[in-house]
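Trainee: Please take these sequences and the hints and turn them into a complete structure.
Chains A and B, in that order, are what the protein sequence lines are. Letter by letter, the first sequence follows residues 1 to 167 in my numbering. Letter by letter, the second sequence follows residues 1 to 415 in my numbering.
Treat each hint with caution, since some may be false.
[Unchecked claim] Ranges between beta-carbon positions, derived for each pair:
hint, chain 1, residue 1, chain 2, residue 2, range
1, B, Glu355, A, Val121, 39 to 49 Å
2, A, Glu89, B, Arg91, 18 to 28 Å
3, A, Asn94, B, Gln359, 16 to 26 Å
4, B, Arg91, A, Glu125, 53 to 63 Å
5, B, Ala60, A, Arg131, 54 to 64 Å
Honestly, the hints are just simulated from the structure, not real lab data. The beta-carbon is built from N, C-alpha and C at its ideal position, and this holds for glycine as well.
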Amino acid sequence: MAKVFIYPLNSLILADLVERFGHKPLTMMSQIREKVTGLSLDSPPMNITSEDPKLGLKYAAIEVPAGVRGRMSLMGPLIEQTEAAIIVENPPANFGCIGCNRTNELIKYLIRSKGVPVLEVKYPESDDEARDFVNKIAEFLETLPREKPEENEKAKEEGLPEKEGKE
Amino acid sequence: MSAEESAVVKIALVSCGSEYAGVQPEFEEAAAKVNAKFVFPEVDIASIDTIGRDFGLEVASGDLRLMMARAKAVVEGTTNVDGVFITTCFRCAEGAIVRNEVRRYIHKHSRIPVISYSFTESTTAGTLLTRLEALTTIARRRHLLTREVQTGLTAGIDSGSTTTKAVIMRDNKIIGKGWVPTTKVLESAEEAYSIALKEAGVSREEVQAMGTTGYGRFLIGNHLKAQLIQEEITVNSKGAVYLAGRQKGPATVIDIGGMDNKAISVEDGIPGMFTMGGICAGASGRFFEMISKRLGVDITELGALAVKGMHEKVSMNSYCIVFGIQSLVNSLAKGSTPEDVAAAACYSVVEQIYEQQLQEVDVREPLILVGGSSLIEGVPMALGKLLKIDVLVPENSHLIGAVGSALLASGFIEE
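Mentor: Right, dumping it as structure tokens:
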């Protein structure tokens, strides 16, 4: 199972596709959920504090707007975990949308420069393109390792059966 | 307090990034303090993809497009609100363009009061309080702000950061004035008030209503049991157009205060768009005080000195008060005359106001310059040169806050 970064980060369709192929989608929803349900923070759901943009300094300098750094404090840790990525270009807002394009530019750059497998596809405009779109994503996901080598070795050492591809 | 005044004011929050910058709780806190609540105009998500073309401004960020769609919902009346707060991240160029154009759009197509602000993660509820107080006042007390004539015997006190001003008014005339440096807020107010009462020849008991404004308005207002405790945006707008005799039609009010500046676009005496500056005291009255001190002249003499000088001969940028003073020391060391330095200081301050504040407010004539710094003759002259329009400095321009308070307070006599 690979941890797959998806762009747009809140696309339910992409997250579902990744999951169907036995991988773990890295989504904004999981990060937001953590914020909302974390016991140490109050006043959910908008419980991001002025400390979060400071955490974003790890990914963007102080002259970058606070909204970008606040977003990066949530998205940056996902990028760090990323083992593969799917980037959909020009999606409509209802497919998934991150509100700040400066953040989008930065996260796509960080993903591309990470050196992990990246699939970049255009959002489909017709039924044919849509089939092509799904097929390309499926092919890409098929190429990703279903299990990590270290996980299998650990399993062998412990005398456990090798992990299945799907969770 | 009337039912209208105690009702919750609905403010449309048209913003980008405030949640992720961590300042949303500060916004909510400031709104709660002025009995207002934020609402988020409903829009169709599909409109986010087309709003750029509809609005005419095509930007890449989804939340900025959402701002335009929400502004349209407000203007078209699909969401009913009493005011609009437009805000984006400080240092975001795309956000600044949208913020300004959305503000202009709402102002042009509706009579709903609007304020705009760019935030950092350090923005606090306190920073926003005066702005939101002004916004809710315009929505809540529009009837009071339409008052054009002072009636009865009323008092107004303006507790500024540098000076405290008091006036006594009777039947639309100023009959007593007091103007003292602010040291201890209450004591300075008492002193200014006593001076004004003495000059007017009336006792405290005779005063029928009182209004307070400025930084110390709550402390003084509660102490003296004022009927009106009001922030300086609305009060100063009212005072400025009243003193200038321009209560009808458009006007722009620039108030250079001791610590911050205000630029307010006014229509029939009611503020529309406004900005409050104050990143550094370099663009305020405090800078003039320091310049006067360094030149060895009284601040009242600085203006006369400035009109004799040429600002072009001295390079001065008072964006920061420390660097401004450094420029002053350097130019004096190079042999510049005090006249040229004084002229440069005046030009530098108005240049900062132009660069930082007038970009967000449409300048509509007449331009009324008020506040203590308007008495420094070099300041209106420099502002007129920079904007290439006539600058109006009304009589008693330093007393606008106190006069505006006394004028508006007279509304409480009849109530």
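Trainee: That 18 to 28 Å hint for A/Glu89 and B/Arg91 (C-beta), does it hold up?
Mentor: holds, 27 Å
Trainee: For the hint 54 to 64 Å, verify it against the beta carbon of B/Ala60 and that of A/Arg131.
Mentor: violated, 28 Å
Trainee: Is the distance from the Cβ of B/Arg91 to the Cβ of A/Glu125 consistent with 53 to 63 Å?
Mentor: violated, 36 Å
Trainee: Starting from the hint 16 to 26 Å, judge whether the C-beta atoms of A/Asn94 and B/Gln359 obey it.
Mentor: violated, 36 Å
Trainee: CB of B/Glu355 to CB of A/Val121, is that within 39 to 49 Å?
Mentor: The hinted range 39 to 49 Å holds for B/Glu355 and A/Val121, with Cβ atoms some 45 Å apart.
Checked against the numbered hints above, the structure violates hints 3, 4 and 5; every other hint is satisfied.
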